[in-house]
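K.L.:
Given the sequences, and given the hints that come with them, work out the whole structure.
In the working numbering, the protein residues as written are 339 to 644.
Watch out, some of these pointers could steer you wrong.
[Unchecked claim] Derived pair list, reagent style SDA-like, types lysine to any residue, alpha-carbon separation capped at 25 Å:
(1) Lys546 / Thr402
(2) Lys546 / Val448
(3) Lys546 / Phe530
(4) Lys546 / Arg504
(5) Lys546 / Phe477
(6) Lys546 / Arg457
(7) Lys546 / Arg509
(8) Lys546 / Val443
(9) Lys546 / Gln444
(10) Lys546 / Gln476
(11) Lys546 / Val446
(12) Lys546 / His480
Keep in mind the hints are simulated off the structure, nothing from the lab.
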Amino acid sequence: MLSMLIALAANPVCETPLELAAELREVVAEQYVIPEVGARAAAAITDEWVIENLAAEEFGRELTFHLRDVTGDLHFMFDFFDPDAAEEDWEAAWVANAPATNFGVQRVEVMEGNIGYLRLTGFHHTDIAGQTYQSAFQFLSHSSALIIDVRGNPGGEGASVDAVRRYVLGRDDYPRLQFVDRHGVDHSEEWFGEFEPLHLPVRYGADKPVYILVDGDSFSAAEALSYGLQTDGRAVIVGAATGGGANPPETFDLVCQVRAWLPTKQPLDPRTGTNWEGVGVQPDIEGGEDALATALIEARTALGLE
Numbered sequence: 339m340l341s342m343l344i345a346l347a348a349n350p351v352c353e354t355p356l357e358l359a360a361e362l363r364e365v366v367a368e369q370y371v372i373p374e375v376g377a378r379a380a381a382a383i384t385d386e387w388v389i390e391n392l393a394a395e396e397f398g399r400e401l402t403f404h405l406r407d408v409t410g411d412l413h414f415m416f417d418f419f420d421p422d423a424a425e426e427d428w429e430a431a432w433v434a435n436a437p438a439t440n441f442g443v444q445r446v447e448v449m450e451g452n453i454g455y456l457r458l459t460g461f462h463h464t465d466i467a468g469q470t471y472q473s474a475f476q477f478l479s480h481s482s483a484l485i486i487d488v489r490g491n492p493g494g495e496g497a498s499v500d501a502v503r504r505y506v507l508g509r510d511d512y513p514r515l516q517f518v519d520r521h522g523v524d525h526s527e528e529w530f531g532e533f534e535p536l537h538l539p540v541r542y543g544a545d546k547p548v549y550i551l552v553d554g555d556s557f558s559a560a561e562a563l564s565y566g567l568q569t570d571g572r573a574v575i576v577g578a579a580t581g582g583g584a585n586p587p588e589t590f591d592l593v594c595q596v597r598a599w600l601p602t603k604q605p606l607d608p609r610t611g612t613n614w615e616g617v618g619v620q621p622d623i624e625g626g627e628d629a630l631a632t633a634l635i636e637a638r639t640a641l642g643l644e
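P.N.:
This is the structure:
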């Protein structure tokens, strides 16, 4: 979600580049969720690299991609901030723009053969998107198979992921991800305590075929949905491996007006003990040139229509 909304700022004057380099190494080494990866990232922030790249107009961008290359973690991000300026409320801006995207619910259709199709381009909080989800779920509830398309979906709020997953599973008691910090402390209660589950007057039905379309631009919350329903044994994943971004970031303000976003927790599925970080969610069926066409063939075959 952050990667959708935050533009990299111009480079302010930094009179203490060595102090900045030291602070960057410290925060990455001491806060990153996986200690050995944090140590590797910190080692890549040398004094020489910081001094050389501070001359660039987009130091934040350079450092962002430098550490993404070193770690493979696409949730790493760095930027400059102005301490004297009013903080831009990117979350408020994102929420304000939500109706213009129909809260990420871009297409709801029943195709030939009574095959439902749900196109999700983002996940907004159910406080604002709930009614739209309920309407889509009601419309699709009598389809004989369901295709959920999260190709190109960069993620968003876990409340909507929860709603889709409960709708498809037909129950509420599924194994939730555990959000664990670098010390092994589970923060799941505070993570999920931020929202009330969306009321679902209808459920899809636990036995009808479900397919999820993914690609390399399916990221974060879109991957959580795909990984969860795949591990549940409830959905067949069709397409290409997803982007591999599991670990959510926090912000840290440093000297030279540098702000760091770096992951401090990792979601772990209690059944697998792992997640999709760095590897992505792997498809059960390669989608070829047209994942939707592939999924339609699979659905029609499962329904005895082929």
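K.L.:
Hint by hint, say whether it matches the structure.
P.N.:
Hints, verified against the model:
1. With a C-alpha separation of about 43 Å, the suggested pairing of lysine 546 with threonine 402 is violated against the 25 Å cut-off.
2. Taking the CA atoms of lysine 546 and valine 448, the gap is near 14 Å; set against the 25 Å cutoff, the hint holds.
3. Among the hinted pairs, lysine 546 with phenylalanine 530 is inconsistent with the structure: their alpha-carbon atoms are about 28 Å apart, more than 25 Å.
4. For the hint pairing lysine 546 with arginine 504, the CA-to-CA distance comes to about 14 Å; that is within 25 Å, so the pair holds.
5. A hinted pair counts as satisfied when its Cα atoms are at most 25 Å apart, and lysine 546 with phenylalanine 477 qualifies at roughly 15 Å.
6. Restraint check: the Cα-Cα separation between lysine 546 and arginine 457 comes to about 18 Å, which is no more than 25 Å; the hinted pair holds.
7. Between the alpha carbons of lysine 546 and arginine 509 the distance comes to roughly 14 Å, so the proposed pair stays at or under 25 Å and holds.
8. For the given pair, lysine 546 sits about 21 Å from valine 443 by alpha-carbon distance, which is consistent with the 25 Å threshold.
9. Between the alpha carbons of lysine 546 and glutamine 444 the distance comes to roughly 23 Å, so the proposed pair stays at or under 25 Å and holds.
10. Proposed proximity of lysine 546 and glutamine 476 is supported: the alpha carbons are some 15 Å apart, at most 25 Å.
11. With a CA separation close to 18 Å, the supplied pair lysine 546 and valine 446 stays within the 25 Å bound.
12. As the CA atoms of lysine 546 and histidine 480 are separated by approximately 10 Å, the hinted pair is consistent with the 25 Å bound.
In this structure, the earlier hints numbered 1 and 3 are contradicted, and the remaining ones agree with it.
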